[in-house]
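Trainee: Listed below are the residues making up each chain.
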Amino acid sequence: MTFTLQIEDLALSRGGRRLFSGLSLRMEPGQACAITGANGSGKTSLLRAVAGLCAVDSGRIAFGDADPASAQASSLHLLGHLDGLKASRTASEELAFWTGWQGGTPSAMAAAVRRLDLYRLLDLEVRRLSAGQRRRLALARLLSAPRPLWLLDEPLSPLDARWRAEAQEIMAGHLSGGGLILAAVHDPLPLAALALEITA
Amino acid sequence: MAIAWGRGGGLMVTGGFFAGATLLLPLASGPEPERLAQIAPGAAWTVLALSALLGLERLFERDFEDGALDLMAHAGLALEFTCALKCLGHWLATGAPLALLAPVAAIALGASPALAPLLFACALAGGLAFAFTGGIGAALSLGARRGGLLTAVIVLPLFVPPVIFGGGALDAFTAGLPWRAGFALLGAYAAAAVALGPLAMAAACRNALS
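From first to last, the protein sequence lines are chains A and B.
Just so we're aligned, residue 3 is where the first sequence starts under the working numbering, counting upward by one.
Just so we're aligned, residue 196 is where the second sequence starts under the working numbering, counting upward by one.
Keep in mind that the hints were calculated from the coordinates and are not lab data.
Since the model is a prediction, treat every value here as computed from it, not as a measurement.
Built from N, CA and C at the ideal position, the CB exists for glycine as well.
Careful, some of the hints might be misleading.
Unchecked claim - Restraint ranges, calculated between C-beta atoms of paired labels, are given here:
id: 1; chain 1: A; residue 1: P70; chain 2: B; residue 2: L372; range: 56 to 64 Å
id: 2; chain 1: A; residue 1: R20; chain 2: B; residue 2: G215; range: 47 to 55 Å
id: 3; chain 1: A; residue 1: G17; chain 2: B; residue 2: A303; range: 50 to 58 Å
id: 4; chain 1: A; residue 1: A40; chain 2: B; residue 2: S405; range: 21 to 29 Å
id: 5; chain 1: A; residue 1: L196; chain 2: B; residue 2: E260; range: 29 to 37 Å
id: 6; chain 1: B; residue 1: A339; chain 2: A; residue 2: R19; range: 18 to 26 Å
What the hints assert, rightly or not - Not close to chain B: a few residues of chain A, all C-beta gaps over 12 Å, as computed:
id: 7; residue: T6
id: 8; residue: R19
id: 9; residue: F22
id: 10; residue: S23
id: 11; residue: N41
id: 12; residue: R62
id: 13; residue: G66
id: 14; residue: R164
id: 15; residue: W165
id: 16; residue: Q170
id: 17; residue: E171
id: 18; residue: D189
id: 19; residue: P190
id: 20; residue: E199
id: 21; residue: T201
Said to hold, decoys possible - Quick look at which bits of chain A chain B covers, simulated, 3 or more residues with Cβ under 8 Å:
id: 22; stretch: 43-57
id: 23; stretch: 73-87
Bound conformation, chain B alone:
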């Protein structure tokens, strides 16, 4: 149930954006295979982070506008748990499919297929971090006009660590260096976001409602 509520038909938009951006990159940066292969993992990773921003704005806003958030806040589950479910639903609806797309995109850009499992794992963990930190931004910007812009401004700094950790792990793997540390940091960041994000989201929602 919560899954159905978390998504707002966002998959097509997010997936389309991801595919479009991946398609435009070789057109913009020149088609030399060596150069593309060099930046492929990083590019796929960056586009993934930006795609995660797209659906965020609607995560709480529609429920806020039509009064559903009122009913969710006072009835049934604790608001923290509701927020966590909504983010989880958002992740399942957009983050998980993107995690499947990301290795495909990277390989299409010329990255080594050996990278695919790590990129998939990074995208899964990173998507979780993006969904739960992004939810904080979405909840904080409730009630503001042009909330999407505010969400992006709040959320981008929070997206920096997972992008660095994930990108570092991917770079290290490509260069044949130990990559586990970067991946572990990414996982730790995702775990912290999942644990602490809902508390912040619920507080922000209560503030917006009162």
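For reference, chain A alone in the conformation it holds in the complex:
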């Protein structure tokens, strides 16, 4: 089954302040969309709304013919500023926990560890990892449980030049496999086919 995303005439507000209204977007398999906008314009809120974590004022978010609740539960990944990794547990414990939680397989997890070169970090507590290493661990979570839609919030920001290039390759691989990427970015995303600018 192909997975698509439709956002129609969406309006969102946070803390009583209207962020945006009339936002529409259609995404087909293999497409990426870069969301840009000023700080506080609602990029993160849009991603959270698509993930079903915050309520919308009006408009519609749909995933093709799929039931929205089950699509949100099993067909999308959300990678935000807060990566949900416990500082006091080791990288391998955390990755194994989330892989199990999100329905991934051990072999996919091993492949993700290889792809993101995490072998030497697995025994370290998450608190010992640098911001970039943490982000690589969080990216490994996307690969260890395959899901069609990736919602990424500033995915490249803590990464160095080498890993930015690698992460873009990983994203390109996801797209070529029919996946979708909706990413909030400040720097342009070279592989994005669509662009969405949020203005008040």
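Given chain A's structure and the hints, the job is docking chain B onto it.
Mentor: Structure of chain B alone, referenced to chain A:
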């Protein structure tokens, strides 16, 4: 997995508090064995309820702060089920060991050893009620500064019925009266908390996240 996530290294703190409070009680109230023996079951029971409060604050807060609750809310299991698992993990990690400690503490204070099985059973059922009603308070206070204080204020009224039922059963047993009614009420309260608590917790978590 959920068990490991439910506890935040809370056992040492909770168990230590429980042991400390039991130790201080004879020092504060005087060491006369008769008086101590009289209040021993009630004291063990009260200290148990207070100990249950300690780890609650961290039940959801750490997951909320580091974003793990986001991922749990949208992915995998229903949030209600996740909350129930977290409370169950909290109970297994702190409530169950405390249930083992409670009879020991009561006997050390001079209660009759015959009371131990009932106290253990009360502590198990009561711990379940404390964990699941406490989870509601922990979830409601998410995002608030000084959430621990708010948790305690929300949760204490909910702790009153199980404390009364359990304490009543223990008193009745000591006095040789029928104790089954109090214990049954305690069990019923625990069952209701386990059934309804997760719904309230999930709603409170969703509210905090949105």
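Trainee: Compare the structure with each hint and give your call.
Mentor: Hint-by-hint comparison with the structure:
1. A/P70 with B/L372: 56 to 64 Å: holds (57 Å)
2. A/R20 with B/G215: 47 to 55 Å: holds (53 Å)
3. A/G17 with B/A303: 50 to 58 Å: holds (53 Å)
4. A/A40 with B/S405: 21 to 29 Å: holds (22 Å)
5. A/L196 with B/E260: 29 to 37 Å: Once the Cβ atoms are compared, 33 Å apart, the range 29 to 37 Å for B/E260 and A/L196 holds.
6. B/A339 with A/R19: 18 to 26 Å: Between B/A339 and A/R19, where Cβ atoms are some 21 Å apart, the hint holds.
7. T6: holds (18 Å)
8. R19: holds (15 Å)
9. F22: Non-interface label stands for A/F22: nearest chain B Cβ at 17 Å, farther than 12 Å.
10. S23: Since the minimum Cβ distance to chain B is about 18 Å, A/S23 lies beyond 12 Å and the statement holds.
11. N41: A/N41 is indeed farther than 12 Å from all Cβ atoms of chain B, at 19 Å.
12. R62: The claim holds: A/R62 sits with its nearest Cβ about 17 Å from chain B, beyond 12 Å.
13. G66: Nearest chain B Cβ is 18 Å from A/G66, so the label holds.
14. R164: holds (26 Å)
15. W165: A/W165 is indeed farther than 12 Å from all Cβ atoms of chain B, at 21 Å.
16. Q170: holds (23 Å)
17. E171: It holds; A/E171 is separated from chain B by about 24 Å at its closest Cβ, greater than 12 Å.
18. D189: holds (23 Å)
19. P190: Non-interface label stands for A/P190: nearest chain B Cβ at 26 Å, farther than 12 Å.
20. E199: holds (25 Å)
21. T201: holds (23 Å)
22. 43-57: Since 6 is at least three, the answer is holds.
23. 73-87: Result for this restraint: holds, n = 12.
When the structure is compared with the earlier hints, no violation turns up for any of them.
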